[in-house]
Amino acid sequence: MSMRKTNPIARALRALALLLVGLFFLFPIFWVLLMSFQTNQDILRIPPSLFFSPTLENFYAIISGKLVTSAGTLEVPFMGNLLNSVILSTASVAVSLLFGVPAAYAFARFRFRLGEDIAFTLLSFRFAPPLLVVLPLALYFQDLGLNNSYLGLVWVYQLISLPLILWIVRGYFEDMSPDIEHAFRIDGHSWFATFMKVSIPLARPGIAAAALLAFIFCWNNFIFALILASADKQPVTVGALAFVTASGIQYGQIAASIVLSIIPTLALALYAQRYLVEGLSLGAVKG
Amino acid sequence: MSDLILDRISKSYGKTQVLSEASIEVKAGETVVVCGPSGAGKTVLLRLVAGVVEPDTGDIRIAGRSVLNVGPERRDVGMAFQNFALYPHLTAFENIASPLRARGLEAGEIKKRVDEISKLLRIEHVLGHTPRELSNGQKQRTSLARSLVRGPGVLLLDDPLRNVDAKLRYEMRLELPRLLRNFGSAVLYVTQDYKEAMALADRIAVLRAGRIEQLAPASAIYDAPESIEVARLFGDPTINLYPIRPEAEGGAAVVRLFGQTWRLPRGREAAIDRDCMLGLRPEDVRIGGDGHPGSVAFELEAVTPLNVRGVLYLRGPAGEELLATVPERDIGQFGRGHRRIWIDLPAEKLHLFDRQSGARIAPAAA
Chain A
1 MSMRKTNPIA RALRALALLL VGLFFLFPIF WVLLMSFQTN QDILRIPPSL FFSPTLENFY
61 AIISGKLVTS AGTLEVPFMG NLLNSVILST ASVAVSLLFG VPAAYAFARF RFRLGEDIAF
121 TLLSFRFAPP LLVVLPLALY FQDLGLNNSY LGLVWVYQLI SLPLILWIVR GYFEDMSPDI
181 EHAFRIDGHS WFATFMKVSI PLARPGIAAA ALLAFIFCWN NFIFALILAS ADKQPVTVGA
241 LAFVTASGIQ YGQIAASIVL SIIPTLALAL YAQRYLVEGL SLGAVKG
Chain B
1 MSDLILDRIS KSYGKTQVLS EASIEVKAGE TVVVCGPSGA GKTVLLRLVA GVVEPDTGDI
61 RIAGRSVLNV GPERRDVGMA FQNFALYPHL TAFENIASPL RARGLEAGEI KKRVDEISKL
121 LRIEHVLGHT PRELSNGQKQ RTSLARSLVR GPGVLLLDDP LRNVDAKLRY EMRLELPRLL
181 RNFGSAVLYV TQDYKEAMAL ADRIAVLRAG RIEQLAPASA IYDAPESIEV ARLFGDPTIN
241 LYPIRPEAEG GAAVVRLFGQ TWRLPRGREA AIDRDCMLGL RPEDVRIGGD GHPGSVAFEL
301 EAVTPLNVRG VLYLRGPAGE ELLATVPERD IGQFGRGHRR IWIDLPAEKL HLFDRQSGAR
361 IAPAAA
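Protein sequences, first through last, are from chains A and B.
Here the first sequence is numbered in our numbering, starting from 1 and rising by one per residue.
Here the second sequence is numbered in our numbering, starting from 1 and rising by one per residue.
In short, the hints are calculated from the structure, not lab data.
Watch out, some of these pointers could steer you wrong.
[To be verified] Residues from chain A that keep clear of chain B, each with C-beta distances beyond 12 Å, as calculated:
1. Pro54
2. Gly80
3. Leu144
4. Met176
5. Ile180
6. His182
7. Arg204
8. Ile227
[Said to hold, decoys possible] Far from chain B by the CB rule (all over 10 Å, computed), these chain A residues:
9. Leu98
10. Val198
11. Phe222
[Said to hold, decoys possible] Okay, the calculated beta carbon distance ranges per label pair:
12. A:Leu83 - B:Glu109: 38 to 44 Å
13. B:Asp165 - A:Phe222: 27 to 33 Å
14. B:Gly128 - A:Phe52: 54 to 60 Å
15. A:Ile263 - B:Gly104: 42 to 48 Å
Glycine included, every Cβ here is placed at the ideal spot set by N, Cα and C.
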């Protein structure tokens with residue numbers, strides 16, 4: 001049944017339902033956005049109100065790194081945290097792509113001993129509760145001197161991003177007709193040229209999707225950085241704890257920091273969108 | 001110019017034997033069509049030559065040099081795939097230019113050669129399009145152009161006409177032999193369609209269940225099929241086959257069929273007292289000779305026009321089925337079926353096969 005043929009009432013009801021669902025999911029984000037322009041007093045006012053005089057105080061405090069509370073001025077390295085988040089997530093995804101994409105290709109194209117077992121083991125990293133993994137790991141990291149280093153954190157973040165990229169991209173490689181690669185080899189190109197010029201460009205929508213997801217998961221990770229990093233290496237998720245101060249919780253600043261920390265992922269998602277919608281097969285192979 | 005030699009190639013996947021001891025020789029400038037039912041191993045055969053798959057045993061030589069364990073990029077082959085396998089992210093021009101780019105030709109030379117081949121295949125107006133924007137016929141020509149552009153020593157065509165419409169298939173059947181002659185490559189062409197095979201081949205290799213059953217010029221395949229299966233594969237409508245057991249009578253071999261005794265030509269004595277299959281091509285059935293001695297009455301059950309010939313579906317005295325064909329202009333005289341007509345069997349056109357092995361029983365040289 002076509003949607004256009006239903007009567008106007010049904011259509012209106014459908015629109016209303018969509019609006020309600022949309023509101024339900026987007027309301028917290030909307031509310032946080034409003035909060036970020038309010039003082040703590042406005043936020044804690046009862047009953048809450050949509051009408052207030054907007055202030056940039058929260059953003060100013062975060063960007064300048066000075067949090068003024070009733071108990072005095074606090075140094076809040078939030079911009080440093082934001083930079084850490086960018087460094088950690090970008091580096092983690094980059095490393096995962098570097099190893100994950102060739103590995104995904106190998107799993108998709110070649111049958112080798114224990115291949116499936118290795119692929120499954122990599123996926124199983126995602127089964128274990130992170131806390132179980134990270135506590136023993138903290139001890140090793142101490143011994144190895146990886147504690148509180150970007151290298152150590154990026155390494156641990158591979159537990160998040162590598163399986164994700166490996167499994168998503170593998171699926172894309174498997175859906176691709178090997179004949180296209182064979183044709184390119186027969187044309188006279190080396191194995192490596194074929195991988196770079198045919199396999200990777202054709203899997204690009206999958207690689208973009210996987211990289212974006214991995215980036216978001218890395219960005220939102222809390223527990224690894226909480227335990228394995230100290231202040232100067234902490235990402236925003238851990239850094240936000242600083243807003244729980246002796247003189248109360250700074251809701252306004254928390255909201256502003258959330259808004260700021262959403263921006264990079266949102267920008268990345270919007271940028272990656274064009275690659276995500278690219279059709280996979282593009283009509284290369286019949287059928 | 002290079003010859004292609006496949007020397008007793010075997011290949012199996014797990015327990016499935018795909019090819020066993022297949023040998024084919026293709027001379028430069030020659031077109032050998034590999035024909036056989038699906039699953040016979042035709043595509044694997046091409047992939048072995050391309051170097052995408054390696055054989056278990058046997059040798060493949062191109063221009064006298066063994067190419068086993070030589071990568072596809074260094075084998076001097078061109079290949080057109082049944083599913084076209086075009087690069088979806090590149091334009092038709094870049095698709096065709098790919099073999100030239102791989103050899104590091106300069107831009108001007110690449111442009112010249114791509115233009116040349118696309119003019120020949122009449123796709124010069126779509127060179128700027130991506131595969132997605134091409135019709136099936138254009139895709140097929142683009143993939144053909146890509147395989148030809150470099151003038152490879154060995155050209156592999158994997159059922160390239162399978163996915164195009166009937167009209168284009170017919171045109172290409174006429175066009176391809178002329179086109180292929182321009183390049184002087186050794187051509188290995190795969191198809192399931194026996195008519196396509198007959199139209200394009202210098203020689204036909206009939207592949208069945210991984211074995212080459214017969215490798216011969218098209219006319220020999222049709223007129224002297226080496227086995228029942230080859231006889232069955234070539235010909236539409238298929239050959240009539242009857243189990244018989246020739247007997248000796250007056251020093252010659254005779255067979256009993258349709259309630260009559262037929263004398264076989266001399267040289268068929270080897271078939272005496274053996275379980276045989278008798279094959280009779282529908283177009284060899286002689287219609288007419290109403291009632292004269294030696295002809296048999298058949299009930300005409302149905303008449304079907306088929307291109308330029310009409311097919312008669314006949315039922316013999318003991319209910320035997322027989323298909324006969326006549327020139328289509330003659331089918332008017334049979335009406336819409338069900339009447340009695342007389343047929344005669346031309347003894348010299350009968351095919352004899354051993355029923356056990358399916359192998360042809362060739363007439364002994366007189």
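(request) Could you tell me which of the numbered hints above are not met by this structure, giving the numbers in increasing order? (result) Checked against the structure, the hints that fail are numbers 4, 5, 6, 7, 10, 12 and 13, while the rest are satisfied.
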